[in-house]
Each structure stands twice: as structure tokens, then as C-alpha cells.
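Undergrad: Now for the letters of each chain:
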Amino acid sequence: MTLRPVEASTATGTAEPSVTSAERAGGRRPRRRKSSRARSQAWAGYLFLAPWFIGLFAITLGPMLATLYLSFNDYSMLTPPHWVGLHNYDKMFTADDRFVHSLKVTTIYVVVSVPLQLAFALGLAMALDKGLRGLSFYRSVFYLPSLLGGSVAISILWKKIFGTDGIVNTFLGWFGYHGEGWVTSPDTALWTLIILHVWTFGAPMVIFLAGLRQIPRDLYEAARVDGAGRWRRFRSITLPLLTPIIFFNAVLELIKSFQSFTQSFVISGGNGGPVDSTLFYTLYLYIKGFKNYEMGYAAAMAWVLLLIIGALTAVNFLMSRFWVFYGDEK
Amino acid sequence: MATKSKRAPVLFRPASRLTRHVLLIVFGLFMLYPLLWMISSSVKPENLIFREPGLLPHDVTGANYSGGWHALKHSFGYYLWNSAVITVLAVVGNLVACSLAAYAFARLEFPLKKLWFTVMLLSIMLPHHVTVVPQYIMFSKIGWINTIWPIVVPKFLATDAFFIFLMVQFIRTLPRELDEAAAIDGAGHWRTFVQVILPLCVPALATTAIFTFIWTWNDFFTQNLYLTNSDNLTAPVALRQFLDSSGESSWGPMFAMSIVSLGPIFGFFLAGQKYLVRGMATTGFK
Amino acid sequence: MKRILAATALAVVAVSATACGGGDDGGSGGKTKLVFSYWGSDSRQKLTESAIAAFEKKNPAIDVEGDFSDFDSYYEKLATKTAAGDAPDVMSIEIRGLAEYAGRGALADVKGKVNTADLDQSVLKAGQLDGKQYAVPTGVNTWPMIVNKDLLKKEGGKMPDDKSWTWDDYIAASQQMTQKSGEQVWGTEYNENPAFLQVFAGQRGEPFYANGKVGLSEQTIKDWWALLQKIIATKAGPGAAKMLETGTKPDQALLATNKSVYGSWWSNQLDALSKGSGQDLELLRMPKAPGASASGMFLQPAMYYTISSRTKHSAAAAKFIDFMVNDPEAGAIVLSDRGLPTNAKVLAAVKGKLSPADQKVAAFMDSIKGELSPIVIPPKGATEMEDILKRATDSVLFGKAKPDDAAKTFLSEANGALTK
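Those protein sequences? They're chains A, B and C, same order as listed. Just so you know, UniProt numbering puts the end of the first sequence at 330, numbered straight through with nothing missing. Just so you know, UniProt numbering puts the end of the second sequence at 286, numbered straight through with nothing missing. Just so you know, UniProt numbering puts the end of the third sequence at 420, numbered straight through with nothing missing.
In short, the hints are calculated from the structure, not lab data. Idealized CB from N, CA, C, for every residue including glycine. Please note that a few of the clues may not be correct.
[To be verified] Some chain B residues close to chain A (C-beta under 8 Å, calculated; not the full set):
hint	residue
1	Tyr65
2	Gly67
3	Leu157
4	Arg176
5	Leu243
[Stated by the list, open to error] Stretches of chain A that chain B covers, calculated by requiring three or more beta carbons in the stretch to come under 8 Å of a beta carbon on chain B:
hint	stretch
6	90 to 96
7	114 to 120
8	206 to 218
9	303 to 313
[Unchecked claim] Between beta-carbon pairs, the in silico distance windows are:
hint	chain 1	residue 1	chain 2	residue 2	range
10	B	His74	C	Gln229	16 to 26 Å
11	A	Trp174	C	Pro374	31 to 41 Å
12	C	Ala315	B	Leu36	16 to 26 Å
13	B	Val60	C	Ala117	47 to 57 Å
14	A	Trp174	B	Leu23	37 to 47 Å
15	C	Asn115	A	His101	29 to 39 Å
16	C	Pro374	A	His101	13 to 23 Å
17	A	Phe53	B	Leu270	33 to 43 Å
Using the sequences and the hints given, assemble the complete structure.
TA: As C-alpha cells, this is what we get:
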């Protein structure tokens with residue numbers, strides 16, 4: 001049987017409502033309705049988008065295309081750009097080990113921290129959703145780390161936790177372990193940044209919280225009447241109805257963490273050290289552009305990143321057909 | 001299958017209220033350790049911040065607060081005000097412009113919709129560190145340097161694609177029947193948007209408002225670049241003035257003023273979060 | 001499509017046109033408006049604002065606007081503004097940025113515009129490139145050893161004779177301090193600053209840069225790493241991870257928190273270190289290689305004042321720099337904030353007003369006057385070189401690379417960055 005939120009409430013409870021992705025994909029093809037509204041919709045669409053179009057052409061697109069142009073140039077910013085064709089791209093893939101390295105570091109970071117952070121955020125959003133006094137207070141408290149995450153003070157604060165004399169080492173010391181600082185050791189530095197990323201789970205948590213409230217309450221009540229337990233309600237109501245929001249968070253966190261910059265910049269002191277262990281892609285791009293005066297190269301790196309993120313996002317969107325459920329589809 | 005669903009994973013079993021409170025508090029303290037350290041440092045005499053590593057200060061002083069408040073050219077309240085002006089405008093801009101665009105993408109059919117949606121997503125995939133140079137040149141040509149326009153105007157033109165996408169996703173969770181019912185009642189797109197969709201999107205709007213507030217309030221990079229005159233500085237830029245990475249930084253005042261400037265965002269979050277969880281209680285779904 | 005093409009064209013034109021275009025003249029109400037950019041913290045901002053006020057009082061026709069930012073974002077801002085043709089009229093630049101900016105035509109020759117007659121001529125040379133005076137040093141620094149005398153006494157050590165002590169003496173003395181304190185304090189902290197390596201190499205007669213390339217031999221670099229490794233191995237100083245935590249920040253230094261007896265920092269950082277420590281810190285000559293004829297120690301401008309090559313107010317800009325370096329009134333406000341003044345008259349006039357720490361620095365610089373090696377101006381790419389050196393040093397200290405390989409990698413990468 002196919003799962004529909006409406007049907008979930010009428011399920012008898014004798015069999016777990018389940019759905020295969022193929023079934024759902026088959027039943028969810030968007031239908032085009034040619035009606036008298038079509039023409040007016042086209043007009044309205046462009047009218048509603050008018051501010052966005054102005055912004056796109058006046059503010060966003062120009063600088064984007066300018067950087068595309070710059071990526072074919074040698075550009076120090078202090079002197080006019082000088083056309084070098086594909087040289088920057090060529091150098092990136094053939095003669096720059098640090099470029100490849102930064103890609104590797106960033107990939108590890110994204111692959112580990114994004115799922116962790118999302119799971120963490122969803123778990124807490126559900127724990128903080130309802131049913132307890134003082135939840136609004138807890139929600140605010142759990143959001144606080146995210147307010148601190150990008151601040152300059154974090155470089156000090158993180159050393160207070162993961163430094164040589166930080167609390168983690170103090171704690172481990174009780175068990176006889178005496179080690180070096182985690183933030184400044186090449187083998188562990190990246191992992192402290194991953195923890196930092198997970199620690200600032202506030203943004204996806206808030207989005208999940210808002211998403212949870214979009215789920216009609218009567219569905220839960222009906223399911224409860226039908227004797228569905230917590231786990232069943234989570235599996236067959238919460239999770240499917242939350243998929244657009246999970247999808248949104250996954251797409252956005254992927255884009256954002258590929259562009260992660262501030263944390264490694266602040267904590268490594270701007271060089272991605274020690275021994276390039278925290279050299280994020282965007283940090284390397286920044287170093288190339290602003291510290292080494294190779295803005296053309298940085299622009300080329302930016303467009304390569306755009307292609308990478310774009311491809312991954314496209315895959316994400318393709319996959320979403322199989323698991324994301326929209327309330328507006330029939 | 002049926003038997004499997006009887007026993008839920010531990011996380012989903014009902015826990016007693018007390019255990020939940022205790023768990024949340026312990027976990028909260030763990031999460032907040034850095035903040036607590038910062039608060040404690042902000043009330044220590046400045047030269048003891050790094051010499052005395054413990055969390056509990058020996059003697060408490062307000063010197064960092066009073067000193068930090070007056071350390072810069074203007075009192076710190078002046079910079080907070082500058083930040084507030086920019087932030088409030090940014091929130092209004094994003095709420096209006098992004099929700100309009102989101103409605104179009106989520107509900108209306110028009111030619112090239114997919115192309116524009118792709119372009120919108122692409123626009124957040126390019127790291128801003130490279131686009132900032134041409135953008136600066138552009139704003140410099142029209143004489144907007146040292147004004148708040150380069151920061152505020154883009155918000156009214158929906159350049160924060162993040163929020164458009166967010167609202168698109170939220171609107172798409174709403175059943176189409178709502179719009180259709182409105183259309184039968186004779187509502188046009190504008191009325192459907194204002195009277196049907198927006199009220200049901202309060203959590204998404206609250207999310208947008210909260211994030212815009214926080215991100216604009218904390219945004220150092222653009223504000224540092226465009227607002228260079230010492231009379232225009234905003235709070236995050238002013239905070240950096242306490243630091244000199246090669247010399248003597250004023251850590252005490254920096255921590256103290258950091259906490260002060262956390263105040264407004266925390267307050268906004270506290271106020272906004274109740275709208276965050278004000279969803280639709282019931283729907284005419286069935 | 002047409003619109004997209006038009007937008008591209010516009011943006012491209014904007015990028016290329018402004019790079020060679022002129023800046024904003026911004027004259028307001030008949031006054032000449034100067035923009036002066038600098039970095040630092042709130043205390044420097046206060047000093048600078050009052051120096052600017054004093055200048056404006058003497059020159060009512062000139063209005064100076066301070067464009068101030070923290071160091072981490074200073075160059076990104078400066079480069080962006082230069083790209084837009086908005087470069088400040090007077091820019092502060094430090095030694096590594098000099099060749100980057102002067103070599104790309106961003107700076108104007110100040111010879112004959114600013115009176116440099118009373119400045120220390122050997123330091124002044126550090127502002128010259130290709131025979132042109134692109135920059136005026138704001139003040140001068142040196143790279144000494146610093147000792148915490150109170151801590152030394154407490155742990156039962158004795159003051160070394162800094163005229164004769166060798167690297168081995170230094171390590172032995174430090175090791176003794178670590179042991180005697182029961183590892184409660186470290187004997188010494190160390191630093192990956194190239195200045196340290198420059199002193200070390202100078203004692204072997206090797207300049208850091210020669211003919212636009214790195215002038216160090218592979219052996220010297222390896223020996224310097226061996227010295228650092230020995231400090232770690234003998235527990236004279238802490239491990240590399242611990243050292244990286246304090247990094248280049250004097251206020252968190254082990255010396256500033258009374259966790260080490262020795263350490264080397266720039267001389268103008270003594271003030272910050274002393275304030276943090278609250279104890280009696282003293283300057284020493286750096287240890288020497290046995291039998292070395294040169295001390296390797298050198299003076300280096302803390303930073304420079306430069307004039308943008310595109311300024312429309314070069315006379316006013318020169319006037320401002322002249323005031324900042326030659327006028328005792330400015331000297332009395334700025335004191336040693338931008339390094340010790342190199343104008344002898346200004347220095348004599350303000351000496352009594354310097355903090356106790358800075359008076360020590362002034363006396364110390366006086367005493368080593370005859371032993372100094374010449375100043376070297378780093379070529380274009382020096383900022384990148386510094387990162388490369390740091391990476392190579394860390395890879396050795398963390399055991400990620402063999403010194404032999406790391407030294408070869410360092411030299412080829414660094415020379416690649418310098419000759420780009």
C-alpha cells in the first residue's frame with residue numbers, strides 16, 4: 001500500500017504502513033493543468049519574482065560573471081587583470097598539491113559533519129518540540145552555541161576545551177592519559193573543527209522545529225486512536241512529512257559546509273595549519289586571493305567549487321524524487 | 001513487521017519528566033561550557049584572564065564592562081545602535097522579498113521556472129570571497145561605500161537565496177487544496193498569498209527573521225568592508241578593534257562587549273522562537 | 001542572453017577600468033580630505049586619533065580620516081580598495097607587504113617629499129626598493145631573547161652572560177629550569193617566526209634573502225629545526241602542539257602567563273608581555289653559535305607609512321607622514337606604539353615618557369648598536385614564504401616529514417613563491 005498522511009490516520013494498525021520508493025515516485029508525477037489560470041500565473045510569477053530579478057541582474061549576476069572572467073586572468077588586484085586563458089585551471093589540476101589536499105580535507109569534513117549535525121539537530125528538535133515545561137528556555141539555551149560559533153572568541157574558547165590544558169585533557173588525565181593539545185596537532189585538528197560544526201547545530205534545529213509544527217496535529221491524534229506507538233508515529237507521520245525540511249537542511253548544509261571558512265580561519269590563525277590539516281577549500285581560496293595576490297586563481301577555484309557543489313546538489317535533487325514527500329503533490 | 005513495531009528504540013520510549021529535565025540540563029551545561037568560560041573571563045581582572053585558567057573567578061570586577069563600553073571612539077551603545085538599524089532593515093527586506101519569490105517558485109507555473117530556480121541556487125554556491133571584489137568595485141562606482149546601502153538594499157532584492165529556498169520548502173508542505181479553495185472563493189494570487197499562505201508560514205517567516213537577524217548582526221566580513229568610517233562601525237566590527245593579533249589585545253573588554261552584543265540576538269531569539277513553533281494546530285486536510 | 005552579456009561586459013569593464021583609474025578626490029568644503037589606513041587594537045586607535053587631531057590643529061586645511069581595521073582583515077580590505085581605485089592616500093604597511101605593493105606600482109616615491117634627514121639612515125634603507133624611497137619606517141624593532149628575572153631567581157637559576165652564551169648554554173639553562181620547577185614551568189618557549197631563523201642564519205653569514213631568492217642553505221635550515229627538536233626532546237620547552245596554541249599572540253604567551261623563563265619575541269612586544277606577566281622581564285642578546293663572528297641580530301621597521309601612487313593629495317599625504325615621524329608632538333602621543341622612533345631628536349624628547357618596558361628596549365637597542373647585521377627587505381612573495389616555512393617547520397616538529405625532505409621542499413616552494 002502507499003503511504004499518504006491522510007491514509008496513515010485510517011490505517012488499521014495490523015500492518016506497518018510501508019512504502020517503496022518506486023511506488024511513491026510512480027504515484028507522484030506532478031501534473032500539468034492547463035487552465036485559464038495558466039496565462040495569469042505566468043504574469044503573476046514574474047511579478048512576484050520582480051524584486052528577485054532586479055537583485056539578480058543588478059547585484060548578483062554581474063559580480064558572478066566578473067569572477068568567471070577573472071578566472072581566466074592573472075589578477076593581483078593591485079594591477080589590472082591580464083588574460084592567461086585556461087592557465088589557472090590547468091595549474092589547479094596538474095601542479096597544485098595543496099589544491100587537491102584542500103579538497104580532500106573539505107570532503108572529510110563535509111561527509112562526517114553534515115550527517116552528524118543533522119541527526120543531532122533533528123534529535124534535539126524532537127526532544128524540545130513539546131511536552132515539557134520550560135522548553136522555550138531550553139531551545140534558546142541550545143541555540144546559544146550557534147551564536148558563538150563564528151565569533152573571534154571561539155579560537156580561545158576552543159583551546160579551553162581541546163587545548164593541551166583544556167577540559168578534555170584534564171578529564172582524560174583522571175584516567176592516566178596525558179596528551180598534546182587536540183586543536184594544534186595535525187592528526188586531530190580537523191576533528192575538533194568537525195565537533196565545532198556539530199556543536200553549532202542551532203540553525204538546522206530551528207528549521208526542524210518549525211517544520212515539526214507544520215505537521216497537522218490531527219494526524220497524530222488519529223494515529224494514536226488507532227494504537228500506533230511513538231516509534232510508529234515517528235516513522236509513518238513525522239519522518240515522511242518532514243522530508244521536505246530534511247531535504248532542505250541536507251542541501252543547504254552541504255553547500256554551506258563546502259564553503260566553510262570562518263572556523264578554520266579563526267582557529268588555525270588563517271593558515272589552515274598545523275601542516276595544512278585544516279586547510280579548507282575556501283580558506284585556501286582566500287589565502288590564494290588575498291594573501292598571495294592571486295585573485296584570478298582564487299576565482300578559478302571558486303568556479304570549480306561551484307561546479308562541485310552544483311553537481312552534488314543536482315544529485316541531491318534527483319535523489320529527492322525517491323524520498324521527499326510534498327504536501328502539494330497529489 | 002507488526003511485532004517489530006511494538007518495541008521502539010530507547011530514544012522513543014517515554015522517559016519521565018524528571019529524567020528529561022536532568023538530561024537536558026546536564027547536556028546544556030556541557031554545550032555551554034565555552035560561553036560560561038567567556039562570562040567568567042569577562043568579570044576577571046584583565047591580566048588574570050590567561051594567567052588564571054579556572055572557571056570560577058577569584059575576584060569579580062566590572063572593569064571590563066565599564067572599560068569596554070567606553071574604550072572606542074564612541075560608546076559601545078553607539079555601535080549596537082548602528083547594528084540594530086542595519087539588522088532591522090535586513091529582516092524586513094528578507095521577509096518581504098524572499099516570501100514573494102518563494103510563493104512564485106512554490107505555487108505558480110511560469111515559463112523558465114526551472115532555469116530561474118537553478119540560477120537562484122547557483123548564486124549561493126559561489127564563495128563570496130571572490131565575488132566581493134567585483135561587488136565592491138560596483139558599489140564603489142555608485143558611491144555607496146560608507147553607507148548602509150550595500151548591506152541593506154540586496155536584502156530587499158531577495159539576494160539571500162537561502163531564505164527563498166527555505167520558504168519554498170515550507171510552502172510546498174502545505175496542501176494545494178487550500179489555494180484551490182481560495183481560488184474558488186475568487187481570490188487572486190495576491191490574496192491567496194497574503195491571506196492563505198503567509199499566515200500558515202509563520203514558522204518559516206519566524207525562522208527567516210531570526211536567522212537574518214543573527215547573521216546580519218554577526219556579519220563581520222561585509223560590514224568591515226563597506227563601513228570603514230569610524231562613525232559607521234557596527235558591533236561585530238567594533239569588537240575586532242579590541243584585538244591585535246600581533247600585539248596587545250584587550251581580551252577582557254572584548255569578552256565583556258561580546259556578551260553585551262549577544263544580548264540583542266539572544267533577546268530576539270527568545271521573542272521569535274514562540275512564533276517558530278506556532279504551526280497549524282489542525283488543518284482542513286481531510 | 002543579451003542582458004547577461006551586457007551585465008558581464010559591464011562588470012568586466014568595471015574591474016579592468018578601475019584598476020587603472022584614479023581615486024576619489026573627496027574634497028569637502030575646501031578642505032583636503034586624506035584617508036589614512038592602519039591596523040591594531042583599541043589602544044592604538046586612541047593614540048592615532050589623538051595624533052590625527054594634533055595634526056589637523058596644525059594644518060586646518062587638511063582633514064584626516066582614519067581607516068582602521070584589525071590585522072587579520074587589513075590586507076584583504078586594502079587590496080580590495082586598491083582594486084576599486086579607492087586606495088587610502090596614506091597606508092600603513094609592514095615589511096612583508098612592502099615589495100608586494102611597491103613592486104606592483106601601488107606606492108609613490110616619497111623621496112624629497114618627506115623630510116627623512118633626521119631618521120636613522122640604516123633603517124631608512126629598509127624602505128627603499130630599486131633606488132626609490134617607497135616607504136618611511138614608523139619605528140624600529142629587534143628580535144631579542146627575553147628572560148623573566150623573577151621566575152629565574154625563584155627557580156634558582158642565574159642570569160646568563162648574553163655576550164658569550166651559546167645555543168647549547170641556552171638549552172641547558174632552560175632544561176635546568178624545567179627540571180628544578182618540577183615541570184611546573186617551562187625553561188623556554190620558542191617561536192616559528194622567520195626572525196628567529198634569520199638571527200640563527202645571520203651568525204653563519206647567510207642572509208635570509210639574496211638576489212630575490214631564499215639565501216639560506218639547506219644545512220642551516222636543518223640545523224635550526226634540530227635546535228627546536230632538541231628543545232622539545234630535552235624538555236627545555238614544551239611540545240610543538242602546545243607552542244602552536246600561543247602562536248604569535250604575546251598576551252597568551254608562556255612568558256606573559258609566567259609559565260616559562262625564556263622566550264623570544266619582537267622587542268615592541270615586551271610591553272604586552274610585561275603587563276601580562278606582572279613580573280620583571282629583561283632583554284638579552286640571542287645566543288650564538290660557538291665561534292660565530294656575527295650576532296645575527298638586526299633591526300627591522302615595525303611598519304611603514306606609504307603614499308598611494310594614485311593619491312590626488314600627495315603633498316598633504318607627505319605632510320602627514322612628516323608630522324608622524326618628525327614632530328616631537330606626534331612622538332609624544334604615539335610613543336613606541338609603532339616601534340621605537342628612529343628620529344633621534346624625537347626619541348630623545350620622548351624617552352622619559354616611555355613605559356618602563358620600552359625604556360628597557362631603548363637602552364637595549366643602544367647597547368647592541370655596534371653588533372647588528374644589515375636589514376633585509378623581503379622580496380615579493382614573502383608572506384607566502386612565511387606560510388611555507390611554518391608548514392615545513394611543523395611537518396618536521398610533528399614528525400610528518402624528514403628534515404632532509406622538508407628542507408628541500410621548503411626551498412623549492414619558497415623560491416617558487418618568491419620568483420612568481
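Undergrad: Compare the structure with each hint and give your call.
TA: These are the hints, each one checked on the structure:
1. Annotation: Tyr65/B was flagged as interfacial toward chain A, and the flag is violated, the nearest CB pair being 16 Å apart, outside 8 Å.
2. Because the smallest distance between the Cβ of Gly67/B and any Cβ of chain A comes to about 17 Å, over 8 Å, the interface hint for this residue is violated.
3. Restraint check, Leu157/B versus chain A: the minimum CB separation of about 3 Å is within 8 Å; hint holds.
4. A hinted interface residue such as Arg176/B counts as satisfied when its beta carbon comes closer than 8 Å to some beta carbon of chain A; here the least separation is about 5 Å, so the hint holds.
5. The interface hint given for Leu243/B holds, since its Cβ lies 6 Å from the closest Cβ of chain A, which is under the 8 Å cut-off.
6. Check result for the stretch 90 to 96 of chain A against chain B: violated, 0 residues qualifying (beta carbon to beta carbon below 8 Å, three or more required).
7. Using a Cβ-Cβ cut-off of 8 Å, 0 residues of the stretch 114 to 120 of chain A lie near chain B, which falls short of the minimum of three, so the contact claim is violated.
8. Coverage of the stretch 206 to 218 of chain A by chain B holds [criterion: at least 3 residues with CB-CB distance below 8 Å; count 12].
9. Interface restraint, the stretch 303 to 313 of chain A with chain B: holds (6 residues with C-beta to C-beta distance below 8 Å; minimum three).
10. For His74/B and Gln229/C, the Cβ-Cβ distance of about 50 Å falls outside the hinted range of 16 to 26 Å, so the restraint is violated.
11. Trp174/A and Pro374/C have their C-beta atoms about 55 Å apart, which leaves the hinted 31 to 41 Å range violated.
12. Restraint check, Ala315/C to Leu36/B: a C-beta distance of roughly 56 Å breaks the suggested window 16 to 26 Å.
13. In this structure the supplied range 47 to 57 Å holds for Val60/B paired with Ala117/C, their Cβ-Cβ distance being about 54 Å.
14. Against the hinted window of 37 to 47 Å, the Cβ-Cβ separation of Trp174/A and Leu23/B comes to about 23 Å, which falls outside the hint.
15. Checking the proposed 29 to 39 Å range against Asn115/C and His101/A shows it is violated: the Cβ atoms sit about 50 Å from each other.
16. Taking the beta carbon of each, Pro374/C and His101/A are about 38 Å apart, not inside 13 to 23 Å as hinted.
17. A hinted range of 33 to 43 Å for the beta carbons of Phe53/A and Leu270/B is consistent with their spacing of about 36 Å.
When the structure is compared with the earlier hints, violations turn up for hints 1, 2, 6, 7, 10, 11, 12, 14, 15 and 16 and for no others.
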